[in-house]
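**Student:** My request is simple: use the sequences and hints to build the entire structure.
There are 2 protein chains.
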Amino acid sequence: MKIIIDAMGGDNAPEEIVKGAVKAKRELGVDIVLVGRKEDVEACLKNESCSDIPVVDAREVVAMDDNPVCIVRDKKKKSESSMAVALNMLKDGEGDAVVSAGSTGALVTGATFIVQRIKGIRRPALSPVLPAGEHGVMLIDCGANDTCTAEYLLQFAYMGSFYAKKMMGCENPRIGLLNIGTEDTKGGELRQETFALLKKAHEEGKINFVGNAEGTGVFSGNYDVIVSDGFTGNVLLKTTEGVIKYIMTQLKGVFFKNVKNKLAAAVLKKDLGIMKKSMDVNEVGGTALLGISKPVIKAHGSSNAACIFAAVRQAKAFVECNIIKDIEENIDNMKVGKI
Amino acid sequence: MKIIIDAMGGDNAPEEIVKGAVKAKRELGVDIVLVGRKEDVEACLKNESCSDIPVVDAREVVAMDDNPVCIVRDKKKKSESSMAVALNMLKDGEGDAVVSAGSTGALVTGATFIVQRIKGIRRPALSPVLPAGEHGVMLIDCGANDTCTAEYLLQFAYMGSFYAKKMMGCENPRIGLLNIGTEDTKGGELRQETFALLKKAHEEGKINFVGNAEGTGVFSGNYDVIVSDGFTGNVLLKTTEGVIKYIMTQLKGVFFKNVKNKLAAAVLKKDLGIMKKSMDVNEVGGTALLGISKPVIKAHGSSNAACIFAAVRQAKAFVECNIIKDIEENIDNMKVGKI
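Chains as they are written, first to last, in the working numbering: chain D, 19 to 357; chain S, 19 to 357.
Each hint should be verified, as a subset may be incorrect.
The list treats identical chains as interchangeable, and a pair is accepted whether it falls inside one copy or across any two copies.
Calculated cross-link-like contacts (lysine-lysine; reagent style DSSO-like; alpha-carbon spacing at most 30 Å) [claimed, not checked]:
| hint | residue 1 | residue 2 |
| --- | --- | --- |
| 1 | Lys263 | Lys295 |
| 2 | Lys96 | Lys204 |
| 3 | Lys137 | Lys204 |
| 4 | Lys96 | Lys20 |
| 5 | Lys295 | Lys343 |
| 6 | Lys64 | Lys20 |
| 7 | Lys56 | Lys41 |
| 8 | Lys93 | Lys204 |
| 9 | Lys94 | Lys204 |
| 10 | Lys184 | Lys294 |
| 11 | Lys183 | Lys137 |
| 12 | Lys294 | Lys275 |
| 13 | Lys312 | Lys204 |
| 14 | Lys224 | Lys312 |
| 15 | Lys294 | Lys263 |
No wet-lab data here; the hints were simulated from the structure.
**Tutor:** Structural data, given as structure tokens:
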């Protein structure tokens, strides 16, 4: 198996990306190919005393603040950026998956137009796994699609279900529809229409839809997959980050308040560190871009070597599980006529 | 000043409602009138040795799981429920504000159709104040309106600004538009249209719009008012509750892990308790229903006496500030023609 890594994507490229790639190559038994400015990437590889990872030269970089569509519209970025080159290699079968910590918007756009969607899938979805319960909880979509139809959300539910079963180890993934109340009738037109579609699929034994989920319930351990439009999902994801940060700051205030507290906090330090790590989204790896015809994994923009390693591990598992085949084989269940 | 309290609303009615009302009467120097099943409410008053709070009899109760429109459609609930009677008293000038811990949906519906909106205001908004920064941060709307137009959101911004200035002590309230990125161009049609309206109002010196806000930024202390559609705002609010609960559970796990940790946690207990309280939404009081022509305060459904006391204190301040007059006088700025 060969994983194609965009060596220039993210805040810590190329150093940390290369470090993570080298670690993955050594520990995961996968082939790696790095894409980026050859001399820069090779210098990093040399620092790691690594001589068995090939580098494909790409002179351009998609910057975090570039307009996402540059990857398909800008003449240079379209043909010479590390991200576009990596995605084109994936399309052409020169590797089995792409990992990039670059611009989310550009990666979604590039994956959609270069690698292309699975036939029948309307929109790809960003689907990170958040800490909760035994397996974590997948949030799909969390930002690829600002506005959604009920059909998109039905497809997200199926795709999330396949992922949760194969990648998260959930036997019968419990799917919740993000809503403003748990009662069946909650929400406006979009949620009610989606609710009806999910209920129907559940009654036909195709997915395990357990009903509407509120924000309070996302982390309860009662759901394995939370289905949402990308706007709301993105707000949920970032609010979670914001609240965690806020509480950690408050806790720090308590711990450093006086000598007595400082001493007590020192005793707890190690266990609190483990707890903090368990709530770190980056630990899971990256975010799968579900609905694309080949595996594309988005690593966090601030990824360090450990995150890239985790994202490659995720990419490897994703390829092995062949979730894309599951989606392709069930595509007829995910289509909605006029309802 | 006279505050009308729905004695039958919420999980702990009427006991805790009456207790909170008695405390408010004694400590805040306001007149109170309780509305509910006379014999039940009077028994509670007797338990508190209180004889100077009048009770208006109302035989029906709007239940938490009743359809919200029952308050204007169901023959009995419309004329005899404690919530409807309280709102009708407010409409008829028999008091200055209503406080209710009953069904949010019914209260929004009842306030809208019985007390009615301020002339020119399209939709009322639920607007709780969350813990953040020096003054807290107001989230408007958090559930009254599933689907919004740019004009609604512009009106929410103005109303939130007046509230933050007079009730939260912010001199020049910083208004953020909840979005999926801070860049000016983020979001779909609704956010972009709203961004343009808010920017224009800012340039005209009418509000202090500081730009788009992400979920991560809500608790940063960089915003005093966060403007959102009700669906996303509700998810944000409930996610915040869910994450706080999740982290507190995780922390508990650390504190009780072993004897060593237990001893250390005991030292921190008091300060952690203060911290936890500072993050409790209920501590602020209730949630103002902005846009209604007279003051209506929604207390949390699980309100105890302290919450009801805080909600009455908030109602009193709301009446004294006369934010409704501010809104009425500026209504022409909040109207949007074809844009």
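**Student:** Now, for every hint given, state plainly whether the structure supports it.
**Tutor:** Hints and how they fare:
1. Taking the closest pair of Cα atoms, Lys263 and Lys295 come within 30 Å of each other both inside a single copy (13 Å) and across two copies (17 Å).
2. In the homo-oligomer, the alpha carbons of Lys96 and Lys204 lie at most 30 Å apart only across protomers (22 Å), although the nearest pairing inside one protomer, at 44 Å, exceeds that limit.
3. In this assembly of identical chains, Lys137 and Lys204 lie within 30 Å of each other by CA distance solely across copies; the values are 29 Å between and 32 Å within a copy.
4. Taking the closest pair of Cα atoms, Lys96 and Lys20 come within 30 Å of each other only inside a single copy of the chain (23 Å); across copies the shortest separation is 68 Å, beyond that limit.
5. For the identical chains of this complex, Lys295 and Lys343 are neighbours neither inside a copy (33 Å) nor across copies (50 Å), given an alpha-carbon limit of 30 Å.
6. For the identical chains of this complex, Lys64 and Lys20 are intra-copy neighbours only, at 21 Å inside a copy versus 78 Å across copies, given an alpha-carbon limit of 30 Å.
7. In this homomeric assembly, Lys56 and Lys41 come within 30 Å of each other (Cα to Cα) only inside a single copy, at 19 Å, whereas the closest approach across copies is 74 Å.
8. In this homomeric assembly, Lys93 and Lys204 come within 30 Å of each other (Cα to Cα) only across copies, at 24 Å, whereas the closest approach inside a single copy is 47 Å.
9. In this assembly of identical chains, the alpha carbons of Lys94 and Lys204 lie at most 30 Å apart only when taken from different copies (24 Å versus 48 Å within one copy).
10. Proximity of Lys184 to Lys294 under the C-alpha cut-off of 30 Å is restricted to the intra-copy arrangement: shortest distance 26 Å within a copy versus 38 Å between copies.
11. Within a single copy, Lys183 and Lys137 get their C-alpha atoms as close as 22 Å, which meets the 30 Å cut-off; across copies the closest is 54 Å, which misses it.
12. For a Cα distance limit of 30 Å, the shortest separation of Lys294 from Lys275 qualifies both inside one copy, at 20 Å, and across copies, at 15 Å.
13. Taking the shortest Cα distances, Lys312 and Lys204 sit within 30 Å of each other only across copies (28 Å), while inside one copy they are farther apart (36 Å).
14. Taking the shortest Cα distances, Lys224 and Lys312 sit within 30 Å of each other inside one copy (24 Å), while across copies they are farther apart (51 Å).
15. Proximity of Lys294 and Lys263 under a CA criterion of 30 Å is satisfied in both settings, with 10 Å inside one chain copy and 15 Å between copies.
Hint compliance for this structure: hint 5 is the single one not met.
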